[in-house]
Each structure stands twice: as C-alpha cells, then as structure tokens.
Amino acid sequence: MILVTGGAGFIGSNFVLDWLRETGEPLVNLDKLTYAGNRENLASLEGDARHHFVQGDINDAGLVAELMRRHAPRAIVHFAAESHVDRSIHGPAEFIRTNINGSFALLEAARAHWSALEGEAKTAFRFLHVSTDEVYGSLEMDEPAFAETHPYRPNSPYSASKAASDHLVRAYHHTYGLPTLTTNCSNNYGPYQFPEKLIPLVIHNAVAGKPLPIYGDGLNVRDWLYVGDHGAAIRAVLAGGRAGETYNIGGRAEMSNLELVKTLCRLLDRLHPDSPVTPHEKLITFVKDRPGHDRRYAMNCDKLERELGWQPAESFASGIEKTVRWYLDHAAWTERVASGAYRDWVAHHYSN
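With my numbering, the residue at position 199 of the sequence shown is 199, and numbering never jumps.
Keep in mind that the hints were calculated from the coordinates and are not lab data.
Only a predicted model underlies this, so the values are computations on that prediction, with no experimental measurement involved.
Treat the hints with caution; some may be incorrect.
[To be verified] Pairs of lysine-lysine, DSS-like flavour, derived with a Cα cap of 30 Å:
id, residue 1, residue 2
1, Lys288, Lys197
2, Lys262, Lys210
3, Lys197, Lys262
[To be verified] If you anchor each label on the Cβ, the simulated ranges turn out as follows:
id, residue 1, residue 2, range
4, Gly292, Val54, 34 to 42 Å
5, Pro279, Ala331, 14 to 22 Å
6, Arg153, Gly216, 15 to 23 Å
7, Ala243, Leu271, 23 to 31 Å
8, Arg70, Ala243, 23 to 31 Å
9, Ile96, Glu321, 37 to 45 Å
10, Leu271, Gly218, 18 to 26 Å
11, Trp326, Lys303, 29 to 37 Å
12, Ile96, Asp274, 41 to 49 Å
In this text, a Cβ means the ideal position worked out from N, Cα and C, and glycines have one as well.
Using the sequences plus the hints, can you model the full thing?
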C-alpha cells in the first residue's frame, strides 16, 4: 500500500491510473478536490478495491495521522500542490498554505509514522516529493540545462513555494534521517490537464474559434514531458532511487511557446478541419507578458538515465498527437471542467 497526495489532479490522476495498471499495488488517494482536482479523472476506478479515495487536506494533521495508522503505507508520493504561476501572482497565500505548510504537515506525519516502524519496513519506507524545474529559475538561451546541482533561483510565488518545500524535504532527510526522494520535472502535457494550462487552453479555444493567447513575443522556451513518461520516471525513482537524492525528469523536447502553439494549430488543421476558423494560426493573439516570466527552462536528465535506466518513451511528436486526439475525443470532459468560475478567471486574466 502507498499513499498518494493530490491524486485527482492532472499529474496525480495519471500516476494513479498508471500505477494500478502497471503494478496492481493498492493505494490511498488523498485529495482536497480544489478547482484542479477532479474525481471524474478517476471514474474508471469506481468499485476498484485497490483504490481508496479520501477527500481531505494535507494540512489536516489528524486525518493524515489516521490514514497512516490505518493503512501503514510503505511509501508516500506527494503531488498535492497549487501549481499555476498566473494564479500565484494574483493570490500567493494559498500557494504558501498548500505548498509550504501542507508539505511541512505531511513531512511531520511521515516522520512520526517512519519513526515507529522497525526492521525492513523502516529501511524500505520512502517519502517521494514531486517538484518542478521552476525552482532553478531561468536560463539564457546558450546556457546548459539544469542539473540537480544547479542553485535555486525561483522567480514567482509558485516556484518560491515549491523551492521552500524542496528545502524542507532535504532538511528532514539530513536532520532526522527520513528517507526522502525529490523529483524535479519539466512542463507536463497529456490527458486530464486543467484547461487553464497552455496546451489544453489552446485546443479548447481553437476548436471554438476563440483567440489563442501567447505571452509577450512567444519566444519563452520550455522542455515538454509527456505525463505518462513522468509517471514511469517516478515509479523508477521510488523503486531504485537513493534516499536523500534529487532526480531531474525532462522530455528532451525544448521549444518556444510560439512554436508549440503553431504545432498545435497544424495538428488541429489536420485532425479538426471543421473548426469555425482555419487555419487555426489565424487565432494566435499576443497578450501582455506576465510579471517575472522566466525565459527558458531545460532539464539535464543524465543522472536519472544513468542510475535508473529511465528514458522518455514518447517523442514530442507522438505525445502531442496523442494529447490532441484525447482532448478532441473528450470535449465533454473539458466543458464540464471549465466551470463558470474558471471561464470568468480566464476572461479577467487575459483581458489585456
């Protein structure tokens, strides 16, 4: 049995589905079900005894302690986080509460649980913390990719809150001996992503004939990682990673935001030619850049590949076509997720 936090969100739900399919090992899924958490992502697991869902907050120390006592997980995989940079700019308080205070509360519960274990159970226990490349800051176009030894230079309230949680995880290993693992991933894409993020937002808007907003000049560069490859990397780190270590996970697929959106437009021209406006590139609209927008992220994954033999199974071309096809086939899912409150937020945020 493992405990997964945030397992109804985008990356978490994909991990849960893949975990049960690939390993069959039962899990407890603790999720607060905020705007980005969606039980519908897990609809295929209804009635599956291996999946025990609990709606709750990682800041609820009593609830987390009770789950530890009742289920005695051999590992914790910690996804639960506020994760959208734009939202962190408009309202940083919730990012501090969840990403820092929540991680601290979870670490305290994990330390108490682990301290009471004995023998092989104590030796084998792991706390795996899922983090982001954004903690490393921004790269110039000619700089080498982020390695695990790169200094932390977060530039947004979101990345600063994740950097703080990374430091707490490191401190709990070095101070208390808690066997922790940290993974820092690049930008994920794939099924079940909340449609405020770039790829599902572009697909959703394009098929409706709405503008496709791109910040600034569109030349900010990101490394793109298919969510299924991310889950496979986490399974590899959990199985064989060295306690106390950090592992970078990336897709080796760097491109500018403008290049990404144009790629999506070309795919939609082929896969959805009956959109109200074609070619879809006509819908590209440049909007005012967001404050502190990092210019480039890139991940050096040599350590993960060398130590654990992981490599992404999807090329960007194969992964992005799978993703576009999924959203076209699940338009009703996107409509249900895109609540009135979400639409109001997008209209306000991109109004300029």
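Note whether the CB distance of Trp326 and Lys303 lies within 29 to 37 Å or breaks it.
Given about 31 Å between the Cβ atoms, the range holds.
Can you tell me whether the CB distance of Arg70 to Ala243 sits inside 23 to 31 Å?
holds, 25 Å
So if I understand the rule, the pair passes when the alpha-carbon distance is 30 Å or less; does Lys288 with Lys197 pass?
With Cα atoms ~17 Å apart, Lys288 and Lys197 stay inside 30 Å; holds.
Mind checking the hinted window 23 to 31 Å against the Cβ distance between Ala243 and Leu271?
violated, 45 Å
Range first: 34 to 42 Å. Now tell me if the beta carbons of Gly292 and Val54 are that far apart.
Between Gly292 and Val54, where Cβ atoms are some 36 Å apart, the hint holds.
Does the Cβ distance between Ile96 and Glu321 fall inside 37 to 45 Å?
holds, 38 Å
I want to verify a distance hint. Is the separation of the beta carbons of Arg153 and Gly216 within 15 to 23 Å?
At 20 Å between Cβs, range holds.
Do Leu271 and Gly218 keep their Cβ atoms within the hinted range of 18 to 26 Å?
holds, 22 Å
Against the 30 Å threshold, does the CA-CA distance of Lys197 and Lys262 hold or violate the hint?
holds, 16 Å
Just to be sure I understand the hint, the distance between the Cβ atoms of Pro279 and Ala331 should be within 14 to 22 Å; is that true here?
holds, 20 Å
Has the hinted range 41 to 49 Å been met by the Cβ atoms of Ile96 and Asp274?
The hint (41 to 49 Å, Cβ to Cβ) holds, given that Ile96 and Asp274 are roughly 46 Å apart.
30 Å Cα cutoff - pair Lys262, Lys210
holds, 15 Å
When the structure is compared with the earlier hints, a violation turns up for hint 7 alone.
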